[in-house]
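> The lines below spell out each chain.
There are 2 protein chains.
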Amino acid sequence: LRVPLHPEFIHTVWHTVLLLTVFQHIGGGWIEAQNSRGEVGLVPEDYIEVRDVGNAAPPDLSFFDAFAPTSAPPQNQASNGNDPWSVWNTDATGGSSNNWASKPEGTQTGKSAAADPWSSAAQGHPQAYQGPAEDDEWDDEWDDVKSSGGYAESESGESGAMQRGGAHGSSMKISLNKFPGFSKSGPELYLLCKQLVKGKDKLPIYMGEVGPVWSYPETQLDCVVADPKKGSKMYGLKSYIEYQITPSTTNRPVNHRYKHFDWLYERLLDKFGSAIPIPSLPDKQVTGRFEEEFIKMRMERLQGWMTRMCRHPVVSNSDVFQLFLTYKDEKDWKTGKRKAEKDETVGVMIFSTIEPEAPDLDPIEVEQKCEQFSRFTRAMDDGVKEILTVGQEHWKRCTGPLPKEYQRIGKAFQNLSSVFNSSGYQGESTLTDAMTAAGKTYEEIAQMVAEQPKKDLHFLMETNNEYKGLLGCFPDTIGVHKAAIEKVKEGDKLVATSKISPQEKVTMAKRVSIMSYALQAEMNHFHSNRIYDYNRVMQLYLEEQVKFYETIAAKLRQAHSQFTTM
Amino acid sequence: LRVPLHPEFIHTVWHTVLLLTVFQHIGGGWIEAQNSRGEVGLVPEDYIEVRDVGNAAPPDLSFFDAFAPTSAPPQNQASNGNDPWSVWNTDATGGSSNNWASKPEGTQTGKSAAADPWSSAAQGHPQAYQGPAEDDEWDDEWDDVKSSGGYAESESGESGAMQRGGAHGSSMKISLNKFPGFSKSGPELYLLCKQLVKGKDKLPIYMGEVGPVWSYPETQLDCVVADPKKGSKMYGLKSYIEYQITPSTTNRPVNHRYKHFDWLYERLLDKFGSAIPIPSLPDKQVTGRFEEEFIKMRMERLQGWMTRMCRHPVVSNSDVFQLFLTYKDEKDWKTGKRKAEKDETVGVMIFSTIEPEAPDLDPIEVEQKCEQFSRFTRAMDDGVKEILTVGQEHWKRCTGPLPKEYQRIGKAFQNLSSVFNSSGYQGESTLTDAMTAAGKTYEEIAQMVAEQPKKDLHFLMETNNEYKGLLGCFPDTIGVHKAAIEKVKEGDKLVATSKISPQEKVTMAKRVSIMSYALQAEMNHFHSNRIYDYNRVMQLYLEEQVKFYETIAAKLRQAHSQFTTM
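Line order of the protein sequences matches chains A and B.
Our numbering applies: residue 6 is where the first sequence begins, and numbers increase by one.
Our numbering applies: residue 6 is where the second sequence begins, and numbers increase by one.
None of these hints come from the bench; they were simulated from the model.
Please read all numbers here as calculations on a predicted model, not as lab measurements.
Watch out, some of these pointers could steer you wrong.
For identical chains, the list gives no copy identity; a pair is met inside one copy or between any two copies.
Listed below are the simulated SDA-like cross-link pairs for lysine to any residue, each with C-alpha atoms no more than 25 angstroms apart in a straight line [as the list claims (entries may be wrong)]:
| hint | residue 1 | residue 2 |
| --- | --- | --- |
| 1 | 494 | 369 |
| 2 | 416 | 386 |
| 3 | 333 | 251 |
| 4 | 416 | 548 |
| 5 | 498 | 370 |
| 6 | 401 | 553 |
Kindly produce the complete structure, drawing on both the sequences and the hints.
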């Protein structure tokens with residue numbers, strides 16, 4: 006085992022070890038064993054070694070038993086009915102198994118994904134993102150036994166809602182995870198809370214040309230997600246992809262797996278979700294997980310997500326985000342994670358750290374602003390979805406019937422040309438050579454047409470897809486504000502019924518004004534980014550389209566020149 | 006009546022006049038009358054005047070009665086059940102009535118014809134062309150009462166199989182019309198005929214570089230079909246289109262209606278059909294007959310047909326063709342028509358006029374050549390049909406879904422742009438103006454895409470459609486040759502059974518060789534024209550395609566330039 010066996014690591018491993026009753030050494034590094042369900046099978050030998058490490062903390066059996074069943078969801082049972090080991094080796098139950106088990110299938114899905122990458126992303130509301138599939142987390146338990154990344158404990162300890170719920174996450178925390186910022190308590194948690202968080206980590210809001218704005222750093226943080234590496238363990242039974250993230254600040258690369266991105270997402274959603282829309286991560290696709298196209302696509306999307314987070318002055322400046330990008334070593338990361346997960350300033354409480362340098366807003370104005378943003382984001386959501394729909398159809402046409410048609414035109418020319426060649430009439434070749442060339446040209450055009458969407462439409466779609474995700478967060482973010490506004494409206498009634506003191510009513514009005522400044526700052530941030538992004542993507546799209554049509558014209562001019570002018 | 010009332014004209018008119026029992030003058034130039042079926046209705050007054058022209062030849066009632074029923078075919082009865090006058094005013098029974106009766110319908114058909122002009126031509130074997138519908142001929146009876154073209158008699162006297170059959174055409178002639186050159190008698194009519202036609206109108210065949218060739222004139226005949234004029238008579242109850250044909254030789258325009266082209270076609274098919282493929286005329290489309298697009302299309306196709314006939318050294322030099330192009334006046338035309346219709350050198354007898362300046366061919370070689378041509382024409386027919394099929398699909402896509410898609414892309418950009426405009430964020434306009442412009446550009450592209458086929462694909466399709474028609478004639482033309490070859494093969498048997506004399510066997514071999522020279526000359530003519538035509542049309546197609554893609558690229562570059570480069 007490459008990883009030092011500190012207690013927590015062992016503790017984690019116990020969960021699994023205790024399932025086993027070892028029968029005998031089979032050799033070849035395998036041991037026959039039986040799990041708690043009496044299922045018998047082979048287990049890698051050096052995994053069993055772990056058991057020999059003495060004085061481990063007693064395992065939390067109750068938790069484990071609660072966990073075991075969920076680790077093998079119905080559909081896995083179904084798809085693996087003939088695999089007694091499905092309950093442990095969830096790699097066989099997870100779609101990823103399709104990959105090494107049946108390559109062609111994996112490739113297939115990869116192709117189709119390449120042909121229409123966002124078909125999956127296009128469906129399902131991003132906010133509805135539920136975190137990684139549990140079986141995948143369970144499978145990660147295995148990963149980390151040998152994950153080159155190290156810090157096995159922290160991963161196994163924290164990752165996955167189940168873990169959080171079971172091992173050592175407070176249930177309050179879960180509710181926050183699942184309903185970031187709008188837990189039963191609602192905005193009044195902030196509006197009425199007695200004392201605000203102390204001075205550290207204040208989020209100032211300044212008045213800029215465009216209105217309230219966050220405070221932006223001189224140099225914008227940026228990072229590069231690159232070099233996806235496929236790691237495997239358990240004698241190749243399990244594999245995963247690790248990405249290298251290099252921030253522009255330190256320029257020192259750190260490694261993260263998708264599940265770490267997911268952890269970060271949960272933290273950010275948890276902490277900033279009420280004030281700042283945190284776009285969900287690219288969907289966790291299971292099938293074809295190691296298929297070239299798919300890895301490229303996910304990396305591209307993770308890069309897009311990271312770039313957006315880096316661009317956000319509040320998010321990029323947060324401890325948890327900095328930790329993710331710049332942790333020095335495993336220990337550093339571990340401590341940071343603990344801290345992040347203990348953070349109290351989550352949900353609506355984030356507003357308690359916001360300090361606008363401007364006079365309080367009249368509640369009427371607050372409401373108007375909120376309404377305006379609500380209208381705009383809804384309208385833009387429609388506009389973006391329209392582009393996605395049209396673009397998807399166009400993609401299908403450009404990769405399907407259209408090239409087929411050019412292909413057939415090209416073939417028809419060539420066929421007629423070869424018929425002409427059979428005429429036996431002299432001086433035929435000048436025409437037939439030209440016609441064959443013209444035919445080939447249309448076959449080339451067919452090829453070009455089919456490949457073009459990847460060069461232009463792809464980015465147009467990706468950007469709009471990203472914005473669709475982002476816009477999908479606003480209803481909730483805005484919801485918090487609307488709820489707060491309602492509370493303030495009830496102010497008098499609440500005082501009358503002495504639910505709150507007159508002083509608290511004043512405080513609520515003041516705090517809803519602060520929330521409004523936050524929302525305005527966020528909207529202004531959104532707008533400036535939107536203008537930048539759409540200007541960029543439209544340029545790129547048109548640029549590529551111009552190249553495309555110019556190339557076709559050139560090819561056809563060339564073909565034309567081969568005919569003799571009479 | 007603008008036309009002088011010579012006896013035959015009156016004779017014609019009698020046919021109709023005798024149907025009537027005049028009741029009373031209604032006024033406004035109308036008279037109430039009853040036809041032989043007891044149907045009552047209004048008749049133009051000055052038509053009735055005709056009756057008053059005395060001393061007319063007694064009408065051929067027997068013929069008329071025979072004619073009357075056929076003049077109103079079942080389907081007309083059906084479609085005009087509510088029109089008691091359908092039996093006379095066959096314009097109401099013919100599809101052409103749709104035109105003045107229900108304009109919108111006419112326009113509709115026109116549009117669809119424009120969208121896919123050869124859909125009609127694409128179906129139905131050209132050789133199966135049956136000549137104009139009889140009701141149309143009957144309707145022509147009416148036309149010519151006032152046809153500005155004049156020569157009413159000859160038309161009414163000659164046009165329409167029925168007329169030929171009934172009035173004064175020999176039935177033999179009909180059989181030849183319907184089975185040009187391969188009447189029951191078959192090629193032996195020529196192979197065994199005692200004495201050949203006298204010296205006049207010999208058709209020499211020379212040996213050129215490419216093999217046997219017709220004798221070509223120094224200057225190729227050409228003509229322009231133009232200036233289609235819509236004439237109408239019977240108070241606008243009837244109308245027709247007259248085309249102006251101007252031959253390059255005289256440069257003096259003559260007028261002809263479709264039915265005259267049809268008459269010419271029948272004569273040429275009759276006279277040359279066995280040796281020279283005579284392509285059928287553009288289909289006689291009834292609906293939307295006066296719809297802009299349709300008239301333009303038919304004229305274009307009549308021009309194509311005439312050009313091809315002019316290009317043919319044998320056809321263009323024939324008396325009947327020269328008559329059609331250069332008749333001086335009505336009398337001249339009339340005489341010419343009579344002569345043409347009396348021509349005895351029709352069907353297989355055309356070979357009796359052919360004189361190759363080369364040694365007789367060995368029957369084996371004759372057969373090989375024939376087989377080769379048969380193979381080639383069949384193969385080319387397939388190739389041409391493939392292009393027509395692919396082209397038709399491409400036409401549909403380019404005029405249907407594709408522009409719709411670009412339209413929607415354009416709209417989507419513009420919609421998003423207007424949403425952006427509603428943001429209330431400052432400095433929005435630079436992006437939104439550019440996006441709106443880009444959107445409009447894609448709408449322009451949609452327009453271009455939809456209109457492009459008319460500019461290039463159209464000619465590619467027309468040329469291939471023309472060749473489809475031409476190639477459709479070869480099976481019959483080649484059939485005559487194969488039949489002749491078979492006869493020659495039977496030679497010995499026929500001599501043995503003393504069906505023919507040894508001398509006649511020799512003659513047959515000699516004559517089949519002559520037929521072969523004719524076929525070879527025709528094939529060489531076909532090949533040279535084919536090479537010319539396809540070279541031309543491919544150039545034109547590619548030229549327009551280049552323009553098309555270049556224009557799109559330019560428009561998009563313009564749109565691209567409106568985005569600000571950051």
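> For each hint, tell me whether it holds in the structure or not.
Hints and how they fare:
1. 494 with 369: Classified as within; 10 angstroms inside a copy, 107 angstroms across copies.
2. 416 with 386: between (44 angstroms within a copy, 15 angstroms between copies)
3. 333 with 251: Cα proximity of residue 333 and residue 251: one copy only (13 angstroms, versus 93 angstroms across).
4. 416 with 548: Only across copies: residue 416 and residue 548 sit 20 angstroms apart there, 30 angstroms inside one copy, limit 25 angstroms.
5. 498 with 370: within (21 angstroms within a copy, 112 angstroms between copies)
6. 401 with 553: both (18 angstroms within a copy, 23 angstroms between copies)
The structure is consistent with each of the numbered hints, conforming to all of them.
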